[in-house]
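Colleague: Residue-level listing of the chains:
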Amino acid sequence: MAEQSNEVVLNIQNLDISYYTRAGEIPAVVDFSLEVKRGETIGLVGESGCGKSTVAMAIMQYMGHNGAVKSGTIEFKGRDLTKLSEEELRQIRGKEISMIYQEPFSALNPSMRIDQQLMEVPLAHEQIDVKEAHERARQILTDVNIPDPDRVLASYPHQLSGGQQQRVVIAMGLLSNPDLLLLDEPTTALDVTVEAGIVKLIANISKKFGTSQIYISHNLGLILETCDRVFVMYSGEVVEEGRIKPLFKSPRHPYTHGLFGCIALPTADKTAAPLTPIRGQLPLPHERPKGCNFAPRCDHFAAGVCDQDDIHMEDVADDVDGKHRVRCLRWTEIEQIRAEADQSKEAAGIGHEVLKVIDMQKYYSMHDRSLKAVMSGTSVKLVKANEKIDFEAHESETLAIVGESGCGKSTLAKVLLGLETATGGEIFLNGEAIHDVSVQSRSNSQLASMQMVFQNPSDTLNPSHTVGQQIGRAITKFGVEHNRHKVRDMVMSLLDIVKLPRDFYYRRPRQLSGGQKQRIGIARAFAGQPSMIIADEPVSALDVSVAAAITELLMDLQRERKMTLLFISHDLSIVRYLSDRILVMYLGQVMEQGLTREVFQPPYHPYTEALLSAVPIADPEVSKREIVLEGNLPSVLNPPKGCPFETRCPRKVGKICEEDRPPVQSDSENHHIACHIPLDELRQVEPVIEVPDAAVA
Amino acid sequence: MRRFWNSFKRAGLPAHIGIVIILIYLIAAVFAPWLAPYGESEVVDPVPWASPSESGTLLGLDQLGRDLYTRVLYGARNTIALALGITCLAFFMGMVAGFFAATVGRWVDHLLSRCVDIIMAFPTLFFALIALSIFGTSIPVMVFVIATLDATRVYRISRALAMDINVMEYVEVARLRGEGLWWIMRREILPNTLTPLLAEFGLRFCFVFLFISSLSFLGIGIQPPAADWGAMVRENGVAITYGIFTPLVPAAAIAVLTIAVNLVVDWFLRKTAGLREEY
Numbered sequence: 001m002a003e004q005s006n007e008v009v010l011n012i013q014n015l016d017i018s019y020y021t022r023a024g025e026i027p028a029v030v031d032f033s034l035e036v037k038r039g040e041t042i043g044l045v046g047e048s049g050c051g052k053s054t055v056a057m058a059i060m061q062y063m064g065h066n067g068a069v070k071s072g073t074i075e076f077k078g079r080d081l082t083k084l085s086e087e088e089l090r091q092i093r094g095k096e097i098s099m100i101y102q103e104p105f106s107a108l109n110p111s112m113r114i115d116q117q118l119m120e121v122p123l124a125h126e127q128i129d130v131k132e133a134h135e136r137a138r139q140i141l142t143d144v145n146i147p148d149p150d151r152v153l154a155s156y157p158h159q160l161s162g163g164q165q166q167r168v169v170i171a172m173g174l175l176s177n178p179d180l181l182l183l184d185e186p187t188t189a190l191d192v193t194v195e196a197g198i199v200k201l202i203a204n205i206s207k208k209f210g211t212s213q214i215y216i217s218h219n220l221g222l223i224l225e226t227c228d229r230v231f232v233m234y235s236g237e238v239v240e241e242g243r244i245k246p247l248f249k250s251p252r253h254p255y256t257h258g259l260f261g262c263i264a265l266p267t268a269d270k271t272a273a274p275l276t277p278i279r280g281q282l283p284l285p286h287e288r289p290k291g292c293n294f295a296p297r298c299d300h301f302a303a304g305v306c307d308q309d310d311i312h313m314e315d316v317a318d319d320v321d322g323k324h325r326v327r328c329l330r331w332t333e334i335e336q337i338r339a340e341a342d343q344s345k346e347a348a349g350i351g352h353e354v355l356k357v358i359d360m361q362k363y364y365s366m367h368d369r370s371l372k373a374v375m376s377g378t379s380v381k382l383v384k385a386n387e388k389i390d391f392e393a394h395e396s397e398t399l400a401i402v403g404e405s406g407c408g409k410s411t412l413a414k415v416l417l418g419l420e421t422a423t424g425g426e427i428f429l430n431g432e433a434i435h436d437v438s439v440q441s442r443s444n445s446q447l448a449s450m451q452m453v454f455q456n457p458s459d460t461l462n463p464s465h466t467v468g469q470q471i472g473r474a475i476t477k478f479g480v481e482h483n484r485h486k487v488r489d490m491v492m493s494l495l496d497i498v499k500l501p502r503d504f505y506y507r508r509p510r511q512l513s514g515g516q517k518q519r520i521g522i523a524r525a526f527a528g529q530p531s532m533i534i535a536d537e538p539v540s541a542l543d544v545s546v547a548a549a550i551t552e553l554l555m556d557l558q559r560e561r562k563m564t565l566l567f568i569s570h571d572l573s574i575v576r577y578l579s580d581r582i583l584v585m586y587l588g589q590v591m592e593q594g595l596t597r598e599v600f601q602p603p604y605h606p607y608t609e610a611l612l613s614a615v616p617i618a619d620p621e622v623s624k625r626e627i628v629l630e631g632n633l634p635s636v637l638n639p640p641k642g643c644p645f646e647t648r649c650p651r652k653v654g655k656i657c658e659e660d661r662p663p664v665q666s667d668s669e670n671h672h673i674a675c676h677i678p679l680d681e682l683r684q685v686e687p688v689i690e691v692p693d694a695a696v697a
Numbered sequence: 001m002r003r004f005w006n007s008f009k010r011a012g013l014p015a016h017i018g019i020v021i022i023l024i025y026l027i028a029a030v031f032a033p034w035l036a037p038y039g040e041s042e043v044v045d046p047v048p049w050a051s052p053s054e055s056g057t058l059l060g061l062d063q064l065g066r067d068l069y070t071r072v073l074y075g076a077r078n079t080i081a082l083a084l085g086i087t088c089l090a091f092f093m094g095m096v097a098g099f100f101a102a103t104v105g106r107w108v109d110h111l112l113s114r115c116v117d118i119i120m121a122f123p124t125l126f127f128a129l130i131a132l133s134i135f136g137t138s139i140p141v142m143v144f145v146i147a148t149l150d151a152t153r154v155y156r157i158s159r160a161l162a163m164d165i166n167v168m169e170y171v172e173v174a175r176l177r178g179e180g181l182w183w184i185m186r187r188e189i190l191p192n193t194l195t196p197l198l199a200e201f202g203l204r205f206c207f208v209f210l211f212i213s214s215l216s217f218l219g220i221g222i223q224p225p226a227a228d229w230g231a232m233v234r235e236n237g238v239a240i241t242y243g244i245f246t247p248l249v250p251a252a253a254i255a256v257l258t259i260a261v262n263l264v265v266d267w268f269l270r271k272t273a274g275l276r277e278e279y
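These protein sequence lines map, in sequence, to chains R and A. By the count of our numbering, the first sequence reaches residue 697 at its end, each step adding exactly one. By the count of our numbering, the second sequence reaches residue 279 at its end, each step adding exactly one.
Note that these hints are calculated values from the structure, not bench results. Hints should not be assumed to be uniformly reliable.
Sample of chain A residues lacking proximity to chain R, with all beta carbon distances greater than 12 Å (derived) [unchecked claim]: (1) Leu23; (2) Val30; (3) Phe144; (4) Val167; (5) Ala174; (6) Thr193; (7) Cys206.
Facing chain A, according to a computed beta carbon distance under 7 Å, are these residues of chain R, among others [to be verified]: (8) Leu371; (9) Val374; (10) Phe391; (11) Leu417; (12) Ser438; (13) Leu447; (14) Asn462.
Each computed SDA-like pair below joins lysine to any residue, with the alpha-carbon atoms no more than 25 Å apart [stated by the list, open to error]: (15) Lys414/R <-> Val108/A; (16) Lys70/R <-> Gln13/R; (17) Lys381/R <-> Lys271/A; (18) Lys414/R <-> Lys271/A; (19) Lys477/R <-> Lys271/A; (20) Lys477/R <-> Leu190/A; (21) Lys381/R <-> Trp107/A; (22) Lys477/R <-> Gly178/A; (23) Lys271/A <-> Asn66/R; (24) Lys9/A <-> Arg22/R; (25) Lys414/R <-> Ile130/A; (26) Lys271/A <-> Tyr20/R; (27) Lys271/A <-> Lys70/R; (28) Lys271/A <-> His465/R; (29) Lys562/R <-> Gly105/A.
As the structure is a computational prediction, the values presented were derived from the model and not from experiment. Beta carbons: idealized from backbone N, C-alpha and C, even for Gly.
I would like the entire structure built from these sequences, with the hints used as guidance.
Modeller: Given below as structure tokens:
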């Protein structure tokens, strides 16, 4: 990606890292070797608990009181970091090696101005005066593409948006002109369109500054967009490494293969080519199997081969430029086995109308009690969380609501569920009006027929009750069954449906993993045989392989039970995979709606176009047009007068966008776009994502 | 029960000492009539402050010639039973009001919180003195007054704890299931606030118990001839000037129980902190 020299900045050889706890030694990272050349970007990818952050901490030599490097060397520009004193390390940290964390708002000190925080770095490491430090701070902010750096310098962190904060953090990391930059999931906490900007910035850093980078992420698509080489980690070991394109094109290790089967690439389809989740679970560090760590979950496991000795990395012959290595004994044989059986599933027919929303509005009033506001008569401000929402959902249909944070999708869910009542408009569920019926006054059947699956599985289960109690209560409360034994039997069959063992009945939430908790959450939502499920980002808090399993579970349940699924998400790749129709929202308004196929093809709404471009795709075959949105989401308190997207729109026409509400134009019976640009002109737009025909077939 | 026993075994020496002392006090309180050699207000020998050797009793006699050992045993009965009752009542009132305020919110929360603020604005002893002089010094009045005073503190804690729980998604799930207020308070919020509240219960118990003793010392607590440690310290206080140890015995009884309860509470608090780490 950048001009690289052959100078090796970081050289890690045979690194073993262990944590020492009361339960004994826990090996966190085993046999890890890595070479980083100047200007090169290395990706570390893997699911939670695979040891990728531990590697970063080891490079910083900052592992807490119970972690230690057991053997191996970490050579940074010729010096072994494991042998340096605390004082020497302090000189290196922050100056020659910088680290950027996941959450920008906790990396910045909220009580210091940005200029003070930025100036600290050069003042601490170099002999320069305040004036020069300030100049350097200003320069670096310009370099990371922050508009209006002087205003940012004089601000406190809370006055900046998440994306700007992360840019400031990256600027801070670059300020001492480090040789190595460690990025630990730097965009996970950000919105997709903001993420796209940061990713572009990161990809340009090495070009601009010649900095080597190690990029840690669980997202294969982001790795593809930013890195030169990638290391795939599983359970403390690197299972595969290589240059990015060959590895993405033909992964060799069964785990890498499994990962690609778990993510919704543009070629995946919920009926023709469904996701193939990796079965089983990540082994706990002290329960790793003998031989290959992945063996218990591997389809190609051979007894007597894979479960014997520790397995070492082997070179894959077909790649000369940059090693492609894999930790698998059978990688040559596996390739032939891989002509897989047809896994296609039957499509469910879409039935009658279940939910109808007509012109729904939800306003919140904000009270400003300051004297000035009261005097001028502006003490009550309306927050228009939802404005004129119009859609319907049918039996066995998946309707996706897409948008970034603050677009009003969660408010919409709350209104549908009755946690809030609508300010205006009408909502019908199975023909009954529910827009002004709050949850307290809904009948049991109304409550049972619409249930919710939440984003964060650990918050949705009461830690004090057993799994059986929680599901059982839902069954009795919805009046499905009252006999204790029958309720128990029903809970058991619900556990079967979500593919959990029956003895989970007696478990408490803290004994379960994230994916298992989410399954319980789904089982509970199904207790009353609902006709509609609202799923608010149900998989975004889960690891890739777990998310795939949960997605497939939801799809299977939908096929069996013909329920309507309202899927709320910001991730267009998963939405493309599972939804039949899509509703794109921005700042409380529907910008575009239509069948999935229609939304993913021109004519696009300019916002949809940007969203599509922002989603990282982990397939080097797919080409994507790059659209990076400038600016930030406007405040809901003070939205633009005309089109809500006007402030960031790359296709803005002119005055008309600022002053008039965009008209809703219909491309077909289902496909509607709210935009001032004529449809014909929008039809001329090139598609954002191009999938080569070979991949589709 | 077995889990409790296991964690008890690992509780450490201070907690074990605390629990043993509390058990001894409880046995003394329950079996006082059988353990005591004399009646509660029986005059053994009308010699005030007779020493153990003079009177042939274990701890000597008090200012009216009653057996001090007997009085201490009966005092345990009155004081502990009353303190326990008051603490339970205070927790019931405080928790119900606190959970209610946190779950319902809005003006109910404001109203309850301001009422509590008003009561808390008065110094407790001062408030109790006024209330007891208005309503008269009877046991039910005293129980109610002290319980109300303590309920304000319990209210604050349980409201804060319940507010944290109330925003959790599992409470939202319960609402979506159509659960009523009482169920949400009792089944969703209560179990998840129990450990910190239990620790608070131990502390509150000590305060109540000391408060009763100080009211009795002022003469408006438990009325004679019923035995109470606070009253016993007051009645025998003069003796200290003659170098007689009698008032020190009930005083020590108060001090030792307070320390013991605190040792156990410390263990509870450690256990809660440990639980948090596990999550």
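Colleague: Check the structure against each numbered hint from earlier and tell me which ones fail, lowest number first.
Modeller: 4, 5, 6, 8, 9, 10, 12, 17, 18, 19, 25, 27 and 29
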